[in-house]
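J.: Sequence:
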Amino acid sequence: MVALNNLGKFSVLLLSAGRGSRLGKTGKIVPKSLLKIGNKTILHRIINYLTSRGLKELNIVVGYKYKAIINELHKFKDLKVNYIKIKDYVNNGSSFSWFKFQSLWNKKKKPLLIMHTDIVFDPRHIDNIITSKKENIIGIKKEKKIKLKEKSFVAQVNKKMEVTKIGLNKEVTKPYGEITCINRFSIKSSNKIFKFMKDYFEINGSGMTWEYILSDFIQFQSNEKIFILKNQIFKWVNVNTLKDLSAAKKLFAEKN
Numbered sequence: 001m002v003a004l005n006n007l008g009k010f011s012v013l014l015l016s017a018g019r020g021s022r023l024g025k026t027g028k029i030v031p032k033s034l035l036k037i038g039n040k041t042i043l044h045r046i047i048n049y050l051t052s053r054g055l056k057e058l059n060i061v062v063g064y065k066y067k068a069i070i071n072e073l074h075k076f077k078d079l080k081v082n083y084i085k086i087k088d089y090v091n092n093g094s095s096f097s098w099f100k101f102q103s104l105w106n107k108k109k110k111p112l113l114i115m116h117t118d119i120v121f122d123p124r125h126i127d128n129i130i131t132s133k134k135e136n137i138i139g140i141k142k143e144k145k146i147k148l149k150e151k152s153f154v155a156q157v158n159k160k161m162e163v164t165k166i167g168l169n170k171e172v173t174k175p176y177g178e179i180t181c182i183n184r185f186s187i188k189s190s191n192k193i194f195k196f197m198k199d200y201f202e203i204n205g206s207g208m209t210w211e212y213i214l215s216d217f218i219q220f221q222s223n224e225k226i227f228i229l230k231n232q233i234f235k236w237v238n239v240n241t242l243k244d245l246s247a248a249k250k251l252f253a254e255k256n
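Just so you know, we're using our numbering here: the sequence shown kicks off at 1 and counts up by one.
In short, the hints are calculated from the structure, not lab data.
Bear in mind that the values here come from a model prediction, so they are computed numbers and not experimental data.
Treat the hints with care, since some could be wrong.
Now the in silico label distances, taken between C-beta atoms and shown as ranges [what the hints assert, rightly or not]:
| id | residue 1 | residue 2 | range |
| --- | --- | --- | --- |
| 1 | E202 | K36 | 13 to 23 Å |
| 2 | K9 | H74 | 23 to 33 Å |
| 3 | I146 | L79 | 20 to 30 Å |
| 4 | T241 | D78 | 31 to 41 Å |
| 5 | A253 | K188 | 32 to 42 Å |
| 6 | K133 | N91 | 38 to 48 Å |
| 7 | G8 | K134 | 16 to 26 Å |
| 8 | N71 | L229 | 27 to 37 Å |
When the alpha-carbon atoms are kept at most 25 Å apart in a straight line, the in silico DSS-like pairs for lysine-lysine are as follows [unchecked claim]:
| id | residue 1 | residue 2 |
| --- | --- | --- |
| 9 | K134 | K87 |
| 10 | K40 | K235 |
| 11 | K195 | K134 |
| 12 | K77 | K25 |
| 13 | K56 | K100 |
| 14 | K134 | K174 |
| 15 | K165 | K198 |
| 16 | K144 | K243 |
| 17 | K56 | K77 |
For each residue, glycine too, the CB sits at the ideal point set by N, CA and C.
Turn these sequences into a full structure, and let the hints guide you.
T.: Okay, here's the thing in structure tokens:
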């Protein structure tokens, strides 16, 4: 079990290369991660959380309006930041952002904690992942299928809480809940995932989101068990639209 204040035992990777295309004019002005909840940006809130848990070195994949993200991270003077820049972020999916971290990760192989930067969440979502005895975890907010959007990414699990399938809600028969985009992987599994991605890209291209590729990985690498944590019902919002942004402000603005 990892202590909450010892994130130094992980390689922490933030995926922040994409555009906020569903945010209309707002998404053309700033990246989603720089939208404000209260008086802090989503990214600032995430970094505040991570540094409070002992993070000293951060890895972040950037692309769209990356200079604005770099300027935001300059506010954290005591944090070492490694940037991985994606030039063609329009045609490359989140899986490619993840894969581009491989060469940097190979220099200091550690268990991997990987997150998106357009999420606002109760800290318990990540606290429980950090301290779990499980080495491979897909973050999930438990929710009934009928309450989930058709295009929400969800996970289906067996009785042991092992992930058996990841896909959109409309594609999964019995989802346990929505993907929170906060995940943890062992060194061994990370090595295998990177190799699987490389082989996948050579055949299918690099435009796919990581959720679909990881679902295929689970199907083909049956000896690699990836779990979810039970009953994670805490507040969480993935900010993709202006409606999501409004919901996040209502739930979290008072907690700055």
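J.: Hint by hint, say whether it matches the structure.
T.: Going through the hints against the structure:
no.: 1; hint: E202 - K36: 13 to 23 Å; verdict: violated (41 Å)
no.: 2; hint: K9 - H74: 23 to 33 Å; verdict: holds (26 Å)
no.: 3; hint: I146 - L79: 20 to 30 Å; verdict: violated (42 Å)
no.: 4; hint: T241 - D78: 31 to 41 Å; verdict: holds (35 Å)
no.: 5; hint: A253 - K188: 32 to 42 Å; verdict: holds (41 Å)
no.: 6; hint: K133 - N91: 38 to 48 Å; verdict: holds (39 Å)
no.: 7; hint: G8 - K134: 16 to 26 Å; verdict: holds (20 Å)
no.: 8; hint: N71 - L229: 27 to 37 Å; verdict: holds (35 Å)
no.: 9; hint: K134 - K87; verdict: violated (35 Å)
no.: 10; hint: K40 - K235; verdict: holds (18 Å)
no.: 11; hint: K195 - K134; verdict: holds (22 Å)
no.: 12; hint: K77 - K25; verdict: violated (32 Å)
no.: 13; hint: K56 - K100; verdict: holds (21 Å)
no.: 14; hint: K134 - K174; verdict: holds (23 Å)
no.: 15; hint: K165 - K198; verdict: holds (21 Å)
no.: 16; hint: K144 - K243; verdict: holds (21 Å)
no.: 17; hint: K56 - K77; verdict: holds (10 Å)
Of the numbered hints stated above, those contradicted by the structure are hints 1, 3, 9 and 12, listed in ascending order.
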